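**Q** The primary structure of each chain is shown beneath.
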Amino acid sequence: MGGDMQVDKIAKLTKIVTIGLKTGRVTIKYPFGAPLVTESFRGAISIDNTKCWGCGACVLICPPNALSMKFEKDNIIIEYFKGRCIFCGMCADVCPANAISVTKEFELASTDLEDLKEYVIHRTSKCSICGKPIGPTSELRSVIKSQPVSEEYINLCSDCRKKLFAKAISIRFGAST
Amino acid sequence: MSLSSNLKAIENKIKDLGGFIETVSDNTVIVEITKDNLKEFAKWLYENNAFLKTCAGVDEREINSRFTLYHIFGLDEMGVDVVVKVSGSDKDYTPTISDIVPPAEWCELEARDMVGIRISGHEDKPKFILPQDWPENVYPLRKDFSYDYRPQSEFSKFDEELPKEVGLPIGPYHPILHEPEYFELYVEGEKVVDVFYRGFHVHRGIEKLAESPRFTYKTIPFLAERICGICGFVHSSCYVLTVEKAAKIEVPERAQFIRSIVLEIERIHSHLLWLGIAAHILGYDAGFMQLWRIREPVMVLAELLTGSRKTYGINIVGGVRRDIDESKKRKALEILRNVRDEFKKVVDVLVSVPEIVKRASGTGVLPKEDARKLSVVGPVARGSGLERDVRKNYPYFAYRYTSFKVPVYSEGDNLARTLVRIDEVFESISIVEQLLDALPKGPIAVESYEIPPFRKAVGAVEAPRGEDLHFIITGLGRPYRWRVRAPTYQNLPALKVMLRGAPLADAFLTIASIDPCFSCTDRAIVIHDIKSDSKKFVNLFYGRRYASR
Ligand code: SF4
Ligand code: SF4
Numbered sequence: 001m002g003g004d005m006q007v008d009k010i011a012k013l014t015k016i017v018t019i020g021l022k023t024g025r026v027t028i029k030y031p032f033g034a035p036l037v038t039e040s041f042r043g044a045i046s047i048d049n050t051k052c053w054g055c056g057a058c059v060l061i062c063p064p065n066a067l068s069m070k071f072e073k074d075n076i077i078i079e080y081f082k083g084r085c086i087f088c089g090m091c092a093d094v095c096p097a098n099a100i101s102v103t104k105e106f107e108l109a110s111t112d113l114e115d116l117k118e119y120v121i122h123r124t125s126k127c128s129i130c131g132k133p134i135g136p137t138s139e140l141r142s143v144i145k146s147q148p149v150s151e152e153y154i155n156l157c158s159d160c161r162k163k164l165f166a167k168a169i170s171i172r173f174g175a176s177t
Numbered sequence: 001m002s003l004s005s006n007l008k009a010i011e012n013k014i015k016d017l018g019g020f021i022e023t024v025s026d027n028t029v030i031v032e033i034t035k036d037n038l039k040e041f042a043k044w045l046y047e048n049n050a051f052l053k054t055c056a057g058v059d060e061r062e063i064n065s066r067f068t069l070y071h072i073f074g075l076d077e078m079g080v081d082v083v084v085k086v087s088g089s090d091k092d093y094t095p096t097i098s099d100i101v102p103p104a105e106w107c108e109l110e111a112r113d114m115v116g117i118r119i120s121g122h123e124d125k126p127k128f129i130l131p132q133d134w135p136e137n138v139y140p141l142r143k144d145f146s147y148d149y150r151p152q153s154e155f156s157k158f159d160e161e162l163p164k165e166v167g168l169p170i171g172p173y174h175p176i177l178h179e180p181e182y183f184e185l186y187v188e189g190e191k192v193v194d195v196f197y198r199g200f201h202v203h204r205g206i207e208k209l210a211e212s213p214r215f216t217y218k219t220i221p222f223l224a225e226r227i228c229g230i231c232g233f234v235h236s237s238c239y240v241l242t243v244e245k246a247a248k249i250e251v252p253e254r255a256q257f258i259r260s261i262v263l264e265i266e267r268i269h270s271h272l273l274w275l276g277i278a279a280h281i282l283g284y285d286a287g288f289m290q291l292w293r294i295r296e297p298v299m300v301l302a303e304l305l306t307g308s309r310k311t312y313g314i315n316i317v318g319g320v321r322r323d324i325d326e327s328k329k330r331k332a333l334e335i336l337r338n339v340r341d342e343f344k345k346v347v348d349v350l351v352s353v354p355e356i357v358k359r360a361s362g363t364g365v366l367p368k369e370d371a372r373k374l375s376v377v378g379p380v381a382r383g384s385g386l387e388r389d390v391r392k393n394y395p396y397f398a399y400r401y402t403s404f405k406v407p408v409y410s411e412g413d414n415l416a417r418t419l420v421r422i423d424e425v426f427e428s429i430s431i432v433e434q435l436l437d438a439l440p441k442g443p444i445a446v447e448s449y450e451i452p453p454f455r456k457a458v459g460a461v462e463a464p465r466g467e468d469l470h471f472i473i474t475g476l477g478r479p480y481r482w483r484v485r486a487p488t489y490q491n492l493p494a495l496k497v498m499l500r501g502a503p504l505a506d507a508f509l510t511i512a513s514i515d516p517c518f519s520c521t522d523r524a525i526v527i528h529d530i531k532s533d534s535k536k537f538v539n540l541f542y543g544r545r546y547a548s549r
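Residue numbers (UniProt numbering), protein chains in the order written: chain A, 1 to 177; chain B, 1 to 549.
Read the hints as simulated data drawn from the structure, not as lab findings. The reader is advised that the hints may include incorrect statements.
[Unchecked claim] Label pairs and their in silico Cβ distance ranges: (1) B:N64 - A:P31: 54 to 62 Å; (2) B:G205 - A:P31: 35 to 43 Å; (3) A:D74 - B:R198: 54 to 62 Å; (4) A:T18 - B:P354: 18 to 26 Å.
[Claimed, not checked] Stretch-level coverage of chain A by chain B, calculated; a stretch enters the list once three of its residues show a Cβ under 8 Å from a Cβ in chain B: (5) 18-25; (6) 44-55.
Just so it is clear, the structure is predicted and the values come from calculations on it, not from any experiment. Cβ coordinates follow ideal geometry from the N, Cα and C atoms, glycine included.
So that you can see chain B by itself, here it is in the shape it has in the complex:
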């Protein structure tokens, strides 16, 4: 189906439901609909093969005195984003669509917590993003909430549903690894029967900060790059891509190529890092050492091309800040050739190590239907038979000038996700080689640009962990609203499916297999002793012993 015929179908459906199409640009359609018809439209879209990418609550009182919830759907086959807009006052209730579109739950709760959009169906749920002692009716993403305001916590509200025996957990901050997440695995004997996840412990309010006078369009790429320590370039790329889309800025081809090249180098180092850690988790430390040794020249290459091993700092709106000259190009091709040879040798051994293959195959299974229902992204989706890749579905930067395969495995287990990543390393090396060979001449950034206010755009970049999504409403000097949805946000809910009913011993690898950042995983759990109906809070390592007794 082409966009025009697809658009017709959307138009008709919208007309039926009494809504209207607000704008259509390159590959984004924004539709407005009343809250009573939201559910039906969402259902229709989801049944017609759309994925839910995320939703975003926006305080639009300064523009139109309303609060708006944007649900962002993606029609992968057509490469079209459909943004569904529902607005009202802060008294109005918007119905949840999470019963039909499960991945909407998190972002709806986030919009409720951060912007104060009322959502019927979620009234009783405890705070999701904000800490439990955050005062009532204080919404940090509202425009009248100053970015440097710190409200007093209200401890009286801390009447938690946590089991009494839990007390204060150790953590959830890991002393060595970063990005705390917190899981509670409920086990019966050795079997995991339920999973509880609580995240956002280190919510840094980056979206809010970017809306503050502290930042401008020019400096936000450096902030965006710090969203993730491993795939930061993805975020700065996605930010500039979205701003450029909103303001219709034509970026020079050479800059597009350089961005794609650096993005792929980032994917190579990220996958090598993950593969090393996976080997380490499974006790194969020889593999871990070798994989990380191979990774090192990739880091050096990144520094050679950008000036820094990580947080490259070369993206700006309208282009890039560092060029690739002939000598760097030659160096890069040489490094990549070596990396490919070395990686091939080590991977050959890796996939024949029984402790890797046996522990990974058949564990942490995510069936295709669940993957589809949860709109998972990246290697998690591709390991479960979904052919989703932003680089193919919604081409951006220089990917249309390259040819590459999107590896897909249908087993949905930990091995499938591992193999996807292994194949992708080879594909990425080939992409960088192709792009370096075809690097066009010309400038690397536009001289000047203008960003008109209140334009909307959706931008997506394929991160090593899957689709990274940014949604921007432009403002004066800086975005009016900047919504960031990292890939792990979309993949974490799938862990419930992967872990339930599986042996506890596989939980380590399974949690790691979605490639989140780790600290969360070996933290602490609650053992629910069904027989005595008591709960105990223990460290996961200890828990393993406890469970196998």
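Chain A extracted, bound-state conformation:
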């Protein structure tokens, strides 16, 4: 009786061998096999620099600061650093120009840090009165396209715009120029 139970037990234990044999090898010959990721996978992003306005919405939303914005002399540079990216795709969700697409790219290892960086460079427009930089030229162009604004104003920095506006108002109310 006890012996039978013992036999049963051992028979049960050996089932793991059957399971193993039936399953066979499950590891795959990476990177030669079928794609490792599903259709939903979110990998690194890619910014289309012909579409990007340089508005900075993606920089503001990016949770880990993988996107940053630098101001350099005549340029505004948007830097994408894959090393910090968490592949959330929030930037693609907020981009008003649909310039960002989420790719399936995940094999990003590199020995050169620069390989992990991408840049979008925009020329900076300058205030036509005081010469202060006011924003990427392409953004101003898009703004004009979407809502007709007087060119006089769009080419001004906020300070000069205010001054000009105050002046216009005061003239209207009779102040001497």
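Starting from the known structure of chain A, fit chain B with the ligands onto it as the hints suggest.
**A** Frame of chain A, contents of chain B with the ligands only:
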């Protein structure tokens, strides 16, 4: 008892003690009480079957020039949270309630270290969360402490009570596994006589970071998801749940369903991971391999539904960011069917392997009374006969539309906790199937919402390891205070009970049985040689040999 009659009782008691009820919402009551009556009220609550969930210190000087300590109790049977508020200046001492409510000790010490709330009864205790060389009177969670400020360490203060022989331990950071925790097991012969635990070595200041201008309500879910590498979705869910509760945001049903579905998928993968590791610890590597093989399709499923194997990134305040369409649903049901079949086969073998069953039964026992006293959560509570499950007690998301069993075992040993998890895998598979079948139509997120400042809310989500608790005071653009209490925080103190008096050889499995993250466990210990009264610092593996000589 219904909330109204229960509320009456609380109201009466509070009136007796000269306190008052501040607010009552859905299932949260906030009461304010003077510090002299705190102890009595806490005692009354704890004796009336409340569990302590956690406490949170808050620097409220910007709101009302005070420092406040919130003790969060839960009346499981009624699904009501009772938040007890005591405030005062930074000179006032609030009495500890940890002599009556033992789980309060850790969070009180945390409030003392991080916010500088003075607590009488804890004056002599060394720093708990902060490193020992942290300067005195610098409190990182105060509002005037900038999130990027790094104070100079004061080495002169390093006059430690550590035994001289210890020197510098190797670790406590594990080179392979994550989440360092540090145990010292004091053994007499082969018997563990005492346990010392020191944690928080990798305290990342996430709560502080979330209060900083670096983050907003929109981006914090991604930060929350990184609190844990295994059950991160639990944290982002709990965060959005709490914010939505505070701001009274109605989340579309479809989003609620999707959240529940993904939460259960996370539980399945987490339990399979744990079961595999448990088998591995006990030397049954065939089981380990098979269990992890079964787990892989679950990871693929998570990616299919969310876009990522882990840190899914689909939770936002007001809904979710990824929908489940018909083809994904079909795929999911097929994967789950296979997982259930395969798991059944392997588990059948697993529970008949003598090295598993014998090593797990009767070891690491946590009696029900201790479990109750320590307010433990999750499979640790359910393995000790406590029927605690947030999904049932405080229903959230789509759980009220499903039927499932809460497995409870009364033995309180390592086997009981293992069996709880095995049963839960099957239950979770069934929950996902039910939810997928009943997935309602509609949007998956609200279009817009507003979050008024200085609202308070408590949110809880049942993580694979037990109740995860978030407490939020809303602020402008981001929470004013965000308190996170992960399940392991509540369960770790129970290890003292489980390990004391037990053979050292069982310590591995017992520490693992609460499903903490591991690195801590095979680190290093101090052997206290009672006879020669000397202490030696040795690696636990070596320690086993030393102890059995
Ligand atoms: S246009 Fe899109 S990609 Fe360019 S800066 Fe704005 S959000 Fe970023
Ligand atoms: S995918 Fe997320 S982390 Fe990466 S750049 Fe976009 S917003 Fe930042």
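**Q** Now, for every hint given, state plainly whether the structure supports it.
**A** Hint by hint, here is what the structure shows:
no. : hint                       : result
1   : B:N64 - A:P31: 54 to 62 Å  : 60 Å, holds
2   : B:G205 - A:P31: 35 to 43 Å : 38 Å, holds
3   : A:D74 - B:R198: 54 to 62 Å : 55 Å, holds
4   : A:T18 - B:P354: 18 to 26 Å : 19 Å, holds
5   : 18-25                      : holds (count 3)
6   : 44-55                      : violated (count 0)
Violated hint for the displayed structure: number 6, the only one.
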